[in-house]
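*Asks:* Sequence:
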Amino acid sequence: LTGIVNASVQPENNRISSITAAAELCIRILQIAKQQPSVFKPAAVSNNFLYLHAQSLFTAAGTREQRAFTVEQAYKAIRQSSGLVDSPYSLQAWESRTPIVYEILEKLSLPQIVELMHKVISLKQANWSFVFLFLTLLGRHSSEGTAAILELINRLVTIGFDNTATALDDQEFYVKFAILACRIVSEHPCGGGSRHSFPSYTYWFKAQFGFRKDGILAARKARQFLVKVLTALLPFETPAYITHHIGVLGQYKKGADVT
Numbered sequence: 001l002t003g004i005v006n007a008s009v010q011p012e013n014n015r016i017s018s019i020t021a022a023a024e025l026c027i028r029i030l031q032i033a034k035q036q037p038s039v040f041k042p043a044a045v046s047n048n049f050l051y052l053h054a055q056s057l058f059t060a061a062g063t064r065e066q067r068a069f070t071v072e073q074a075y076k077a078i079r080q081s082s083g084l085v086d087s088p089y090s091l092q093a094w095e096s097r098t099p100i101v102y103e104i105l106e107k108l109s110l111p112q113i114v115e116l117m118h119k120v121i122s123l124k125q126a127n128w129s130f131v132f133l134f135l136t137l138l139g140r141h142s143s144e145g146t147a148a149i150l151e152l153i154n155r156l157v158t159i160g161f162d163n164t165a166t167a168l169d170d171q172e173f174y175v176k177f178a179i180l181a182c183r184i185v186s187e188h189p190c191g192g193g194s195r196h197s198f199p200s201y202t203y204w205f206k207a208q209f210g211f212r213k214d215g216i217l218a219a220r221k222a223r224q225f226l227v228k229v230l231t232a233l234l235p236f237e238t239p240a241y242i243t244h245h246i247g248v249l250g251q252y253k254k255g256a257d258v259t
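Here my numbering is used: the first residue of the sequence shown is 1, the next is one more, and so on.
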């Protein structure tokens, strides 16, 4: 069953809705497994099906409007919901409607969760508001969760700048997602202000893209690529972030290559 579901959600097939049906089947099989422990091993079965159910949560759940959002639109909706408890894009409202997220956090290992999120993001077709909110919750859950988010975000940046292995559209998507995810987790009241510290977006941006001769932006082409991504995000920027970007990128030959 796992193999069938994995095959059905490959990007080229574009059959994400099949995960929902598979998840419903998983739940039914799990019920049978609990009734017949001599045939099934409930703990192992439960975790495998929970993984698939979680995959369906991030790809096929939510309203049609939510599933149609781009990563930028999801980011904007969550930022605008800050402090609004009743907003469908607030973490509190989402937690209360989606209790399975705590099962995911408690029963799946951290490597499984990171693998799951990487897989969902790689599909480039998901409920991005759910993905952003879950990453925020993961950062709040434990210091290990915070480290895992940073590792995932940095990995996406590395993939995005690898023009030898990634198509240009995919490159832009991965870097854009990493930038917005970092902002959401660091800005959200339950992100940077939680008991598990997450670096500020400005700190992360400078650490990733600040001037280094052997850094990720050492090549002029890489700097031009990042400027292209940041330009696409301008409608969602704050003046403080724009100023920070200019300051960091201006370190490279004082604007000779980047404006």
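Hints listed in this document are in silico derivations from the structure and should not be mistaken for laboratory results.
Positions of the beta carbon are idealized from the N, C-alpha and C atoms, including for glycine.
Take the hints with a grain of salt, since some may be wrong.
Stated by the list, open to error - Listed next, the in silico DMTMM-like pairs over lysine to aspartate or glutamate satisfying Cα-Cα at most 25 Å (straight line): (1) Lys-213 to Glu-115; (2) Lys-76 to Glu-237; (3) Lys-228 to Asp-169.
Said to hold, decoys possible - Label-pair ranges, simulated between beta-carbon atoms: (4) Arg-212 to Leu-110: 27 to 35 Å; (5) Gln-251 to Asn-48: 45 to 53 Å; (6) Glu-65 to Thr-166: 24 to 32 Å; (7) Glu-115 to Asp-162: 13 to 21 Å.
*Asks:* Check each numbered hint against the structure and report the violated ones by number, ascending.
*Replies:* 1
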